[in-house]
Amino acid sequence: MNRTTSNILDRPLGRSGGRSSEGSVVSLSAFAYIYSELVQYHQSRAASISELERRLESAGYGVGLKVLEMVAYRAKETKRETRLMSILHFVSSSVWKSLFGKSADSLERSIDHADEFMIVDYEPITSTFVSVPSDLGQLSADAYLSGIIAGVLDGAGFTARVTAHSVKVEEGEVSGAAGGGGVFTVPGMPPRKDKAVFLVKFSPEVLSRDAALER
Amino acid sequence: MGFLHLFIVNKSGGLILHRPLGPSAPSIGTNEWLRIGSTFHSLHAIAAEAGPVRLPGNKNSFFSIVSKLFVIMDNACRILNVTDGADDGIEDIQGGIVLKCLQTRTGIKFVLTAEPGTPDLDVVLREIYVLYSDCALKDPFYELEMPIRCELFTNAVENLIERVNAEGVGKVR
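Protein sequences, first through last, are from chains A and B.
Just so we're aligned: 324 in the numbering used here is position 65 of the first sequence, and the numbers increase by one with no gaps anywhere.
Just so we're aligned: 66 in the numbering used here is position 16 of the second sequence, and the numbers increase by one with no gaps anywhere.
Simulated from the structure, these hints should not be mistaken for lab results.
Don't take each hint at face value.
[Stated by the list, open to error] Across the chosen pairs, the derived CB separations fall in these ranges:
id, chain 1, residue 1, chain 2, residue 2, range
1, A, Arg474, B, Arg213, 50 to 60 Å
2, A, Gly396, B, Arg85, 33 to 43 Å
3, A, Ile267, B, Pro73, 50 to 60 Å
4, A, Val426, B, Pro76, 34 to 44 Å
Built from N, CA and C at the ideal position, the CB exists for glycine as well.
This is chain B alone, in the form it adopts within the complex (with noise of 0.2 Å):
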């Protein structure tokens, strides 16, 4: 499948984590990535504001706003609002590449790009979460907010991508 890089952002929009994942993922310089990661924590926040309805409840609404504010796609690309309960923000922007994102409750965003009709990015996206709960927020070595230097989460990740990408997401648990 084409998977292209992960990115993980902490509550203050500093970039934690940043990996390729796989061969066709273009090489990105790390001062890129620093200001990939706090772009987009900023308009991940102005979208949430942006977005005109909040229903009261946990009900979905779809909003498409046409917007050329997010400069990295050469693309014009459509922003998705959903409320869903926790948090508004970006979770999906389609466009030449798909970018999906996962904010949990503690302000982290998990962010995923792959090429354009990559299947399961979602279930992909939470098995990474589970996998940052467990390799990371249980290892007594690892600062909350600081660069992710765990072996054991680097590797499981990179186990979850091989493991999609030979068997499908069926089998990942």
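Pulled out of the complex, with its shape left as it was, chain A reads as follows (with noise of 0.2 Å):
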């Protein structure tokens, strides 16, 4: 790393004085306009929404792979995650805080099955700009997002199937982090009206194995 590379690629993000405890600063704008080329170029290549929706996922798996290793190592585990809780855990904190400075806004369990955990962010930022037209019906933009867990969860060994769902926020829900506006609410625009919430849902072997473990 001493040698100054001339490839603008492979030098550090932003001034070397925007490094906070988390690494550095990028503008929100920067991110915005690349991840809607990201988009563009999957949807042109794309026969049909669910098409879109997976190419998206696979787009943010290698991702998540990687981000697992890093935030696994930056945080000087000894011991890697074996049980669910703790890997959902390590997902909804340290992987998000890592990525987007924050933590998940919650992590919930299913009343109705078993292997089915939501873990719900107020603000995305992967579809802070982005507005789906009608025809595209369900398709959320967070699709990228779950790739990233998916693949933080296969890499942990933990096979899940994890989606994005946009659903709207509800008239008293608490939006944003704890102390008023969340870290991504950008000036001048109106609060969100929907939340993502991404559902990940566990398969059978995985379920079984914890189980065997709580005993």
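Two chains, two frames, some hints: make the complex.
Written as structure tokens, this is what we have:
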């Protein structure tokens, strides 16, 4: 790392003064433009809405695998997570903090199905500026983030199917981090009408393994 | 305040958005809107050529030209040409109503009409430009120069007008 590379893609992001404990600071607009191009790239190659979602998820999958290694290394964990609840807490707090600077807004377990969990984020950056047209129905632009979660879980040995859903925010629900206004509220724009819910459905072997470890 | 309408014209003269901003805005049919859009686009271009002198550099110069070309207004109006460094053309029309236009470097024109006496139209226009660059340009499903169908943009504009009406323009950001 002492040799200064001339290739701009190899240099560290941002000014060296911009380093915070979580990493250097990047403009939200820059990310939004790159992500917008990524979505358009996949949209021109996908034949259907579900194929577009799958493409975005696989784009995020690789990121998830690498993020798992990096965050686990930086957290100096000596033992890897083997229990379901601990890996979910790891994803919703450490991984989220490293990627977005804040932990996920909530982690819930589904009442109807024992193998389903939900990670809720009130302001996902992938859909801050996106308005999905009505002919694309239920597409969620956060499919990239569900790919990241799936990558982290798969890399840790917990196979899961993760899908992203936009759910309308209820009237009295507290949105944004405690203290009014989350990290990603854009000044000048009205508060978001929907939150992203990532539904994590673990495969049966994972659940039976976890139950066996319980004993 | 008395905001009337917002309309946005793309660089080829087509109308990409028209929106009433208040209860006092007269309702104008879609065909009328398309005609208004293209007429404004052509007059904007003509006005840029009609300014007698262009000063070098970015110096502002004001010339008043009495013109009866603008047929939509019943009153005689003064069209002010301001050389602003970017592009010349219509920036402000005063008369029975006030019309303000902001032209971006890419040729998109944001036009705001309001009742006379409405303060801070420039600031509101700039804010709308910022909202356009946020909600429309960063949206992967919006095609450039096409009619704007982004829900986020229309909600943000409505929200902005509400806030300006309620609190005045100081609190906009």
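Okay, the hints, checked on the actual structure:
For arginine 474 (chain A) paired with arginine 213 (chain B), a C-beta distance near 59 Å keeps the hint of 50 to 60 Å intact. At roughly 35 Å, the beta-carbon separation of glycine 396 (chain A) and arginine 85 (chain B) lies within the given 33 to 43 Å, and the hint holds. Between isoleucine 267 (chain A) and proline 73 (chain B) the C-beta distance comes to about 53 Å, which sits within the given range of 50 to 60 Å. For the pair valine 426 (chain A) and proline 76 (chain B), the beta carbons lie near 39 Å from each other, so the given range of 34 to 44 Å is met.
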